[in-house]
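Please model the entire structure based on the sequences and the hints provided.
Number 9 in this note's numbering belongs to position 17 of the sequence shown; there are no gaps in the numbering.
By construction, these hints were calculated from the structure, which means they are not laboratory data.
No residue lacks a Cβ here, since even glycine has one placed at the ideal position from N, Cα and C.
Any given hint might turn out to be false.
[Stated by the list, open to error] Quick list of in silico lysine-lysine cross-link-like pairs, BS3-like style, CA-CA up to 27 Å:
#: 1; residue 1: LYS56; residue 2: LYS(-6)
#: 2; residue 1: LYS(-6); residue 2: LYS34
#: 3; residue 1: LYS2; residue 2: LYS56
[What the hints assert, rightly or not] Here are the in silico distance ranges between beta carbons for each label pair:
#: 4; residue 1: ALA21; residue 2: VAL(-4); range: 15 to 21 Å
#: 5; residue 1: THR79; residue 2: GLU7; range: 42 to 48 Å
#: 6; residue 1: THR59; residue 2: GLU22; range: 44 to 50 Å
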Amino acid sequence: IKAVAEEVSKEIGDEGLHVLINNSGAVWAEAFEDTSKRSFDKLMNVNVTGVFFVTQAFGPMLEKAGTNASPARVINIASIDGLGVPTFEEYAYGASKAGVLHLTRIMAGHLAGRN
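Quick look at the structure:
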């Protein structure tokens, strides 16, 4: 993640980054009895942890571009499955997407003023 952020920073220079869109997604649907720790490890790592560390790596570029009149934006794509009970049995996926939604609220609450 850091290597990609450094490459992007070199490419865009002093302008900074105006918008970051996090659209990570891995899915793992299994019956309750068959759901493994491995499914939670993978989906939380990709769907939640990845969103956090990508945003952290690109944060300085976002702060450079943002102003009070035109703040930089982070758009985190989650899923309707993070809001309610999904149709399919997908325990790790729904939980991870709910995590993305709450992580978004936490980051917005703490980072919005950094423009």
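Taking the earlier hints as the rules, which of them does this structure contradict?
4
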